[in-house]
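S.K.: The primary structure of each chain is shown beneath.
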Amino acid sequence: MRLLARIFPHPILTGLLTLVWLLLVNRYSINSLLFGLFLGTVIPFITRPYWPNRPRLHHPIKIVVYIAIVIWDIILANFTVAKIVLFKSNAARKPAWITVPLALKSPEAITALAGTITLTPGTVSADLSAGGHYLLVHCLDAPDPDAVRDEIKTRYERRLMEIFE
Amino acid sequence: MSAIFEYIIAAAVVLGGVFGLVGSFGLIKLNDAMSRLHAPTKATTLGVGGVLIASMIHAIVSEGQISWHELLITLFLFLTAPITANFIAKAHIHRHETPESLPPAGEDRIWATHDIRPEEQPAPLPPHN
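In order, the protein sequences belong to chains H and D. Per the UniProt record's numbering, residue 1 is the first one in the first sequence, and the count goes up by one each step. Per the UniProt record's numbering, residue 1 is the first one in the second sequence, and the count goes up by one each step.
Just so you know, these hints were derived from the structure itself, not from any lab. Quick reminder that beta carbons are idealized off the backbone N, C-alpha and C, glycines included. Check each hint, because a few of them may be wrong.
The calculated DSSO-like cross-link candidates involving lysine-lysine, where the alpha carbons are at most 27 Å apart (straight line), are [as the list claims (entries may be wrong)]:
(1) Lys29(D) / Lys94(H)
(2) Lys29(D) / Lys90(D)
(3) Lys105(H) / Lys94(H)
(4) Lys153(H) / Lys62(H)
(5) Lys83(H) / Lys29(D)
(6) Lys153(H) / Lys90(D)
(7) Lys83(H) / Lys153(H)
(8) Lys105(H) / Lys90(D)
(9) Lys94(H) / Lys90(D)
(10) Lys105(H) / Lys62(H)
(11) Lys29(D) / Lys88(H)
(12) Lys153(H) / Lys105(H)
(13) Lys94(H) / Lys153(H)
Facing chain D, according to a computed beta carbon distance under 8 Å, are these residues of chain H, among others [as the list claims (entries may be wrong)]:
(14) Val85
(15) Ala114
(16) Ala126
(17) Leu140
The shape of chain H in the complex, shown without the other chains (with noise of 0.2 Å):
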């Protein structure tokens, strides 16, 4: 057991490498899925010293629910900021710099978190606090920004909160 964790030091990477792999020759065969797990034995185990510990995923529906939630908003996104950029003038538009305390403590909890919030409407995410208590994010147009930092809690935080730890 020991020894299998050794050499597969991410089960899951690993099995997304050879869907990567597969999908990246856009044709199944034996020849491709073999050459799949080659590659996602070899490549996990080669950086295995950049990933020192492994991130632990529960509800799996919860992710693809997470996952449709973001899609879904970055359509939406891409219409919001659109309407900003072509009918606001920039008198009338107000960026604002935001805090969003963080209660998520994993790095990979907050890297996606950080990933959402630049995808999604008018944020982007710029800095992480000293100490990885607050995330910094910047607002295209935001009149109320409390309720933007509301809505990054409640709607995306809580979520990953679940999935993640």
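Using the hints, position chain D against chain H.
M.R.: Leaving out everything else, chain D in the frame of chain H:
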């Protein structure tokens, strides 16, 4: 290929083109560096997405096989866009913001980009827009 699919493909390509154009226009129109970062990270996502959806429908309808490359492009785009944006934002904070010009960081006092040794501090530049 039936006409209805041609209309769908054309609509997706045009939609993608419009969003790509809006993203590029945003780069010119918005008047401060951090806001300019928003336009290409968002509007361009759907711009590329529209073209990719058109490409997938075309592969299914006219070549009779599913093409997975578009899904991978979407995946790689979603992985890389936030990281690029984050690095540009950090470069901006490093060069043009001071701990005083940003909101306070609670008990951590400063933001990670400013958490460097004094000799690494860049020469102060005038705040620009």
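S.K.: With reference to the structure, classify each hint as holding or not holding.
M.R.: Results of checking the hints against the structure:
1. A hinted pair counts as satisfied when its Cα atoms are at most 27 Å apart, and Lys29(D) with Lys94(H) qualifies at roughly 15 Å.
2. For the hint pairing Lys29(D) with Lys90(D), the CA-to-CA distance comes to about 22 Å; that is within 27 Å, so the pair holds.
3. For the suggested pair Lys105(H) and Lys94(H), the alpha carbons sit about 31 Å apart, so the restraint of at most 27 Å is broken.
4. At roughly 17 Å between alpha-carbon atoms, Lys153(H) and Lys62(H) fall within 27 Å of each other, so this suggested pair holds.
5. Of the pairs offered as hints, the one joining Lys83(H) and Lys29(D) holds, with about 13 Å between alpha carbons and a cut-off of 27 Å not exceeded.
6. Among the hinted pairs, Lys153(H) with Lys90(D) is consistent with the structure: their alpha-carbon atoms are about 23 Å apart, no more than 27 Å.
7. For a cut-off of 27 Å, the pair hint linking Lys83(H) to Lys153(H) stands: about 25 Å separates their Cα positions.
8. Distance restraint check for Lys105(H) and Lys90(D): the Cα-Cα separation of roughly 21 Å lies within the 27 Å cut-off, and the hinted pair is therefore satisfied.
9. Taking the CA atoms of Lys94(H) and Lys90(D), the gap is about 21 Å. The hint holds against a cut of 27 Å.
10. Restraint check: the Cα-Cα separation between Lys105(H) and Lys62(H) comes to about 19 Å, which is no more than 27 Å; the hinted pair holds.
11. Straight-line distance between C-alpha atoms of Lys29(D) and Lys88(H) comes to about 10 Å, which keeps the hinted pair within the 27 Å bound.
12. Distance hint between Lys153(H) and Lys105(H) is fulfilled; the C-alpha atoms sit about 14 Å from each other, no more than 27 Å.
13. About 21 Å separates the Cα atoms of Lys94(H) and Lys153(H), which keeps this hinted pair within 27 Å; it holds.
14. Look at Val85(H): its Cβ gets to within about 4 Å of chain D, closer than 8 Å, so that hint holds up.
15. Because the beta carbon of Ala114(H) sits about 7 Å from the nearest beta carbon in chain D, less than 8 Å, this interface hint is met.
16. The restraint placing Ala126(H) at the interface with chain D holds, with a minimum CB-CB distance near 4 Å, inside the 8 Å limit.
17. Against a cut-off of 8 Å between C-beta atoms, the interface hint on Leu140(H) holds, since the closest Cβ of chain D lies about 4 Å away.
Of the numbered hints stated above, the single one contradicted by the structure is hint 3.
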